[in-house]
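2 protein chains.
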Amino acid sequence: MHSVGRSWLLLTGFVLFYVVYLLFGALVFSSLERPAEDKLREDVEALKLEFLNHSCVNVAALEGFLLKVLTANKYGVSVLKNASVVSNWDLASSMFFANTLVTTVGYGHTTPLSDAGKAFSILYALIGVPFTMLVLTACVQRIMHPLVLAPVGLLHRLGLRPRPATVVHFTLLLLLVVLCFFVAPAAVFRELEPSWSFLDGVYFCFISLCTIGLGDFVPGTQPRQKYRSLYQLSVMFYMFMGLMMMYLVLRTIHKMADLHGLTTFLQLPRCEDPDLDEDQKPIVEDGQGAQAPSFRTEETSKPLEAASQPSYNTINTS
Amino acid sequence: MHSVGRSWLLLTGFVLFYVVYLLFGALVFSSLERPAEDKLREDVEALKLEFLNHSCVNVAALEGFLLKVLTANKYGVSVLKNASVVSNWDLASSMFFANTLVTTVGYGHTTPLSDAGKAFSILYALIGVPFTMLVLTACVQRIMHPLVLAPVGLLHRLGLRPRPATVVHFTLLLLLVVLCFFVAPAAVFRELEPSWSFLDGVYFCFISLCTIGLGDFVPGTQPRQKYRSLYQLSVMFYMFMGLMMMYLVLRTIHKMADLHGLTTFLQLPRCEDPDLDEDQKPIVEDGQGAQAPSFRTEETSKPLEAASQPSYNTINTS
Chain A
1 MHSVGRSWLL LTGFVLFYVV YLLFGALVFS SLERPAEDKL REDVEALKLE
51 FLNHSCVNVA ALEGFLLKVL TANKYGVSVL KNASVVSNWD LASSMFFANT
101 LVTTVGYGHT TPLSDAGKAF SILYALIGVP FTMLVLTACV QRIMHPLVLA
151 PVGLLHRLGL RPRPATVVHF TLLLLLVVLC FFVAPAAVFR ELEPSWSFLD
201 GVYFCFISLC TIGLGDFVPG TQPRQKYRSL YQLSVMFYMF MGLMMMYLVL
251 RTIHKMADLH GLTTFLQLPR CEDPDLDEDQ KPIVEDGQGA QAPSFRTEET
301 SKPLEAASQP SYNTINTS
Chain B
1 MHSVGRSWLL LTGFVLFYVV YLLFGALVFS SLERPAEDKL REDVEALKLE
51 FLNHSCVNVA ALEGFLLKVL TANKYGVSVL KNASVVSNWD LASSMFFANT
101 LVTTVGYGHT TPLSDAGKAF SILYALIGVP FTMLVLTACV QRIMHPLVLA
151 PVGLLHRLGL RPRPATVVHF TLLLLLVVLC FFVAPAAVFR ELEPSWSFLD
201 GVYFCFISLC TIGLGDFVPG TQPRQKYRSL YQLSVMFYMF MGLMMMYLVL
251 RTIHKMADLH GLTTFLQLPR CEDPDLDEDQ KPIVEDGQGA QAPSFRTEET
301 SKPLEAASQP SYNTINTS
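Just so you know, the sequences run in chain order A and B. Residues 1 to 318 in the numbering used here are what the first sequence lists, from first letter to last. Residues 1 to 318 in the numbering used here are what the second sequence lists, from first letter to last.
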């Protein structure tokens, strides 16, 4: 009972801290952005007044016109002369959109206009999102050895103890990821996108590889972009590789947390200990189910007695 | 070697199929959206011409004006009279934005304007995204018993065999999730948002709970929204509950795939078999590392001999 009580206490603590964290974020964002927004709002207001003063357009006509312009803009159709040449739905751009759907990045710089497009987006993501996770997982499984297991083994052979070895390795891995997937791409984007600063580049890389995808910065959307299709394909490739590395880093953190006892402390182990029996055993005990074929080496992979785990996940189906 | 060869073949197949899937999506999106886009583009063009004809504004002045209007709009500042009253960065809206960051939904209907805001977004998400995952995982662990293990146990006691029991349970769970987290909220959104159809509501729920978050539909952004803050808080609560249920469904699918031998077939088990030894053992064998404390019941949770696993992940550090 003590363990169960502690686990609920931890959960309550988590949820409370989550709310506090959101409130804290809200306060900071509000204080950081409010002045910038007010300034921009004033500028736009002044601009509109000036435009009205220097022309014979009446307010209502302009409002009506702008409403339609902004609605079209929401769907990626710009009223501007330069921007109107390029379609958002040529093959490369459509593929870029499909890619942002299945990776759950979802910039939203272009969105489906038609009901058929929306319905197809749902279906497409329904299959595509789990499939992308599958492909990424398969890839991460393959690079786990050369990038994590082998280097840690090497550090270990060089005389480092297990824990320091993982810490040194993780620091190096993080450095590599930051350099290759944040700093270097940000430098490239600063060169290729005239309006982007270096911070904008890092911000884009981060927002993309966390799959947040705000869409305020999307590469290759300038009106006169050279080799647009090739550029978009490269960004897609970068995103795939980047997401793979993010998965790898997450998994390495998970392994480190296991080694350092953090998952046990937080009672949140997913692929490890207390949850291990839950994750490893099928939903129902197939001991008495003669029909269920044994795909696993039961004697080695299910060593835990149900009774040895005091948690909620022991169903007594027998 | 045979198994390794098959595993690489599978991976290559996955990646090839992934590219084909993206291409297929691109073709469908392109053919569905191109006509709608062309129509909208023509309308906007006609609108602009008509506006220019009925006023004494010259083309250059209008273009310059619209460029600034659209740029401001990108940052969530609308030039329209109605829209300009409300701030995107009051406390509730900021909290809503913080929530879309940490859940990786990222609608992008509002985005930070200032460099400080961008930098803080990176820091905030860096801590917030893993923390949110942690909270969601903790919550899912607690609802796993009443919503998955107990019902399956009940079905099993009612006489169903393990596999049919999981299939029946999963169908019921899916029905429940679709009704409570897609159909019902879509109906509510159709009532609350004047411009949304039922499909728009379902589309919004789906795009949000998959964390794609395109941001073409965001609740509570109408100019004269009643009880906006309360509405935004409710949507945040809905999203948290919805994400929790999506995690639960994913985990149930994973368990089903294990039971039905799918993960073994695809050699992609994460928390199961072939990878089990990799995920369970710490990055380095701590057998000889006297310093590494044993947080786990080694004798029960590490039953696999390294030699019994022919995969790449056995480091011979000893």
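FYI, nobody ran anything at the bench for these hints, they're computed from the structure. Predicted, not measured: the structure shown is a model, and the values here were computed from it. Treat the hints with care, as some may be off.
To be verified - Just a sample of chain A residues kept apart from chain B, beta carbon distances all over 10 Å, derived:
no., residue
1, Arg6
2, Leu10
3, Leu22
4, Ser78
5, Phe97
6, Lys118
7, Leu126
8, Arg142
9, Leu175
10, Cys180
11, Ala184
12, Arg190
13, Gly213
14, Leu214
15, Arg224
16, Ser234
As the list claims (entries may be wrong) - Computed cross-link-like contacts, DSS-like style, restricted to lysine-lysine with a CA-CA straight-line distance of at most 25 Å:
no., chain 1, residue 1, chain 2, residue 2
17, B, Lys226, B, Lys81
18, B, Lys226, A, Lys74
19, A, Lys39, B, Lys68
20, A, Lys39, A, Lys74
21, A, Lys39, B, Lys39
22, A, Lys226, B, Lys226
Cβ atoms here follow ideal geometry from the backbone N, Cα and C, with glycine treated the same way.
Outcome of the hint check:
1. No beta-carbon of chain B comes within 10 Å of the beta-carbon of A:Arg6; the shortest separation is about 12 Å.
2. Chain B draws A:Leu10 into its interface by the beta-carbon criterion, the shortest separation being 7 Å against a cut-off of 10 Å.
3. With a least beta-carbon separation of about 5 Å from chain B, A:Leu22 fails to lie farther than 10 Å from that chain, contradicting its non-interface assignment.
4. Chain B draws A:Ser78 into its interface by the beta-carbon criterion, the shortest separation being 7 Å against a cut-off of 10 Å.
5. Once the 10 Å rule is applied to beta carbons, A:Phe97 is inconsistent with being away from chain B; the minimum gap is 6 Å.
6. Once the 10 Å rule is applied to beta carbons, A:Lys118 is inconsistent with being away from chain B; the minimum gap is 5 Å.
7. Distance to chain B contradicts A:Leu126 as a non-interface residue, since its nearest Cβ pair spans about 8 Å, not more than 10 Å.
8. The claim that A:Arg142 lies off the interface is violated: its Cβ sits roughly 6 Å from the closest Cβ of chain B, which falls inside the 10 Å cut-off.
9. Its beta-carbon lying about 16 Å from the closest one in chain B, A:Leu175 satisfies the requirement of being farther than 10 Å from that chain.
10. Here A:Cys180 stays apart from chain B, with its beta-carbon at least about 17 Å from theirs, past the 10 Å limit.
11. No Cβ of chain B approaches the Cβ of A:Ala184 within 10 Å, the least distance being about 17 Å, so the stated non-interface status holds.
12. Every CB of chain B is more than 10 Å from the CB of A:Arg190 (nearest about 14 Å), matching its label as outside the interface.
13. Interface exclusion of A:Gly213 from chain B breaks down, the closest Cβ pair being 5 Å apart, not more than 10 Å.
14. At roughly 4 Å, the least C-beta separation between A:Leu214 and chain B is not larger than 10 Å, which violates its mark as non-interface.
15. Against chain B, the non-interface label of A:Arg224 holds: every CB pair exceeds 10 Å, the least being about 15 Å.
16. Chain B leaves A:Ser234 outside its interface by the beta-carbon criterion, the shortest separation being 14 Å against a cut-off of 10 Å.
17. Under the criterion of a C-alpha separation no larger than 25 Å, the hint pairing B:Lys226 with B:Lys81 is consistent with the structure, at around 18 Å.
18. This hinted pair checks out: B:Lys226 and A:Lys74 have alpha carbons roughly 23 Å apart, not beyond 25 Å.
19. Proximity of A:Lys39 to B:Lys68 is assessed by CA-CA distance (about 14 Å); at most 25 Å being required, the pair is judged to hold.
20. With a CA separation close to 23 Å, the supplied pair A:Lys39 and A:Lys74 stays within the 25 Å bound.
21. Between A:Lys39 and B:Lys39 the alpha-carbon distance is near 36 Å, which puts this suggested pair outside the 25 Å criterion.
22. A hinted pair counts as satisfied when its Cα atoms are at most 25 Å apart, and A:Lys226 with B:Lys226 does not qualify at roughly 47 Å.
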